[in-house]
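Chemist: Listed below, chain by chain, are the residues.
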Amino acid sequence: MKVAVIGLDCAAPELIFNKLKADLPNITRIAADGIHGKLRSCDPPITVPAWMVMSTGRSPGELGLYGFRSRIPNSYNGIKIPSSNDIKFDTVWDILGKRNKKSIIIAVPPSYPPKPVPGILVTDFLTPDRDKEFTYPPGLKNEILRDFPDYQFDVKFRKPEKKKIIDEIFRMTDVRFQMAEKFLREKEWDFFFMVEIGIDRIHHSFWRYIDETSHLYEDDAEMRGKFISYFKMVDSHVGKILDLLDEDTVVLIVSDHGAKGMKGAFAINQWLIREGYLKLNDGKVKQGSSLEELDVDWAHSKAWAWGGYYARVFLNIKGREPQGIIEKENVRTELDKLKEKIKSIRGPNGEFWNTRVFEPEEAFTTVNGDRSDLFVYLDDLSWRAAGTLGYSTDYLLENDTGPDDAVHDYDGIYILYRKDKKIGKVIDSDIYRIAPTILRLFKVRKMYGIQGKPLEGIEYVE
Amino acid sequence: MASDKKYTTVSLPTPLFEKIQDKIKGTGFTSVSDYVTYVLREILAHSNNEDAFNEEDEKKVKERLRSLGYLD
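Here the protein sequences line up with chains A and B, keeping their order. In terms of the numbering used here, the first sequence opens at residue 1 and continues consecutively. In terms of the numbering used here, the second sequence opens at residue 1001 and continues consecutively.
Just so you know, these hints were derived from the structure itself, not from any lab. Treat the hints with care, since some could be wrong.
What the hints assert, rightly or not - Computed list of chain A residues with no C-beta within reach of chain B, every gap over 10 Å:
| id | residue |
| --- | --- |
| 1 | Met1 |
| 2 | Asn74 |
| 3 | Tyr76 |
| 4 | Arg99 |
| 5 | Tyr151 |
| 6 | Glu186 |
| 7 | Ser214 |
| 8 | Glu293 |
| 9 | Phe314 |
| 10 | Ile345 |
| 11 | Phe358 |
| 12 | Phe364 |
| 13 | Val426 |
Said to hold, decoys possible - So the derived label-pair ranges between C-beta atoms look like this:
| id | chain 1 | residue 1 | chain 2 | residue 2 | range |
| --- | --- | --- | --- | --- | --- |
| 14 | A | Asn368 | B | Thr1037 | 32 to 42 Å |
| 15 | A | Glu293 | B | Asp1051 | 16 to 26 Å |
| 16 | B | Tyr1007 | A | Glu161 | 55 to 65 Å |
| 17 | A | Asn18 | B | Ile1043 | 43 to 53 Å |
| 18 | B | Ser1011 | A | Lys446 | 19 to 29 Å |
| 19 | A | Glu161 | B | Ser1033 | 53 to 63 Å |
| 20 | A | Gly139 | B | Thr1008 | 20 to 30 Å |
| 21 | A | Gln451 | B | Ala1045 | 37 to 47 Å |
| 22 | B | Gly1026 | A | Met1 | 40 to 50 Å |
Ideal Cβ placement from N, Cα and C applies to all residues, glycine included.
Please build the complete structure, drawing on both the sequences and the hints.
Modeler: Dropping the structure here:
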């Protein structure tokens, strides 16, 4: 038995299983023949930690990974980008390696710097650049740069040339799949796992051309055509990969979270200032300033926040933060009060927002690493949070710093398929089932403390 | 303990040992142990055991993440 996992970062159920169905013959066929459904992501539904939840079967709390940055413990502005060194649990390929199985691992975040694996590994989009060691074994890098001189980890978003980036994303994805197909043909392997980040980049940057319900919708036939061509290219590569696999290989197509149209960004630190939680010494604040650029009066501030696709709110606690002011015994009361205030935030026209606010302990039984005191999903993730300040309003309909078309949604996708097996079932599932599924397919009985269960219906492909 | 001794023993599958023996015939390597030690040192020299990102790397990655809307 072999297992091949094709990870499509951000692939959304509505798009893949419905809207683009007719454009994706290979994916549509295996979804119909196998088992498919929505795959509920973890909390927070963000690329880092979601792929590691799939790879290790552990929660973000156990992993101590809550997003693309971790706070340097107890600091106000110190942040750290997660790396493979931060993953303290065995991945499925580590566990399989101990059983003499060889793996091909491509771009699963975070996997930089490359760790040894029986097989080969190419690091993810958090790799600084191609001058770095980005493969295991090290010599594989030369092979990649020789055969795929255009190989790219990620694209850099540049607003003025936005439309051109779609072609750049197309090339990046096309090349990564070509490389994956070459490895599948030439390398020895039992387990294959690749992640393609391009789908996420396409969604965030170009969702407005495909979603008529978005307030940013643009009826632009050329851009819509390019959006669809991108997905057709991905589908044709899925077809090529399927052609390389035999009937003893189980295929999983998965995504780490979904996508939906972004309604706007909410300047949460401005709101905290107005509510009396945060105080600045600066007079006039330049539009788009970040807290680290400003002179915060920490001795009179109770809380501050980080933006992103969800907001993280930190309390300024005495004995924990350098100039903490909230006494330990008051933390509970302050948290409860702030939670209620955040939940009562309304939209730009006074409309109700379905905002979710929770403490990490409410989501995870184990909470490792430096985490924020509150996790905030503004209007159920439809509004992203801007940590920057200096705007004339808290409600930003266009985003200054990044692509602004789509936000993350809870449900990604999965397809479980094996050649020659006609199953034809639709079962919604969740991300914690992926690692146990892979281990079960390889008949690994020892679960190393992984709690999840395999996907329902796994017996049909065994 | 292994660390008290200057050298210690690791096991190699015999066919691999023989392959290496053939490969180093007529080269500057005088024994399979010499060759294996050399190759492993080369591989370890490439692996980064310190911080994953130096200051410049971190700046590059942060800038990219910011441009993508993740750090805001």
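Chemist: Could you work out which earlier hints the structure fails to respect and list their numbers in ascending sequence?
Modeler: Nothing - there is no hint that the structure violates, so all of them hold.
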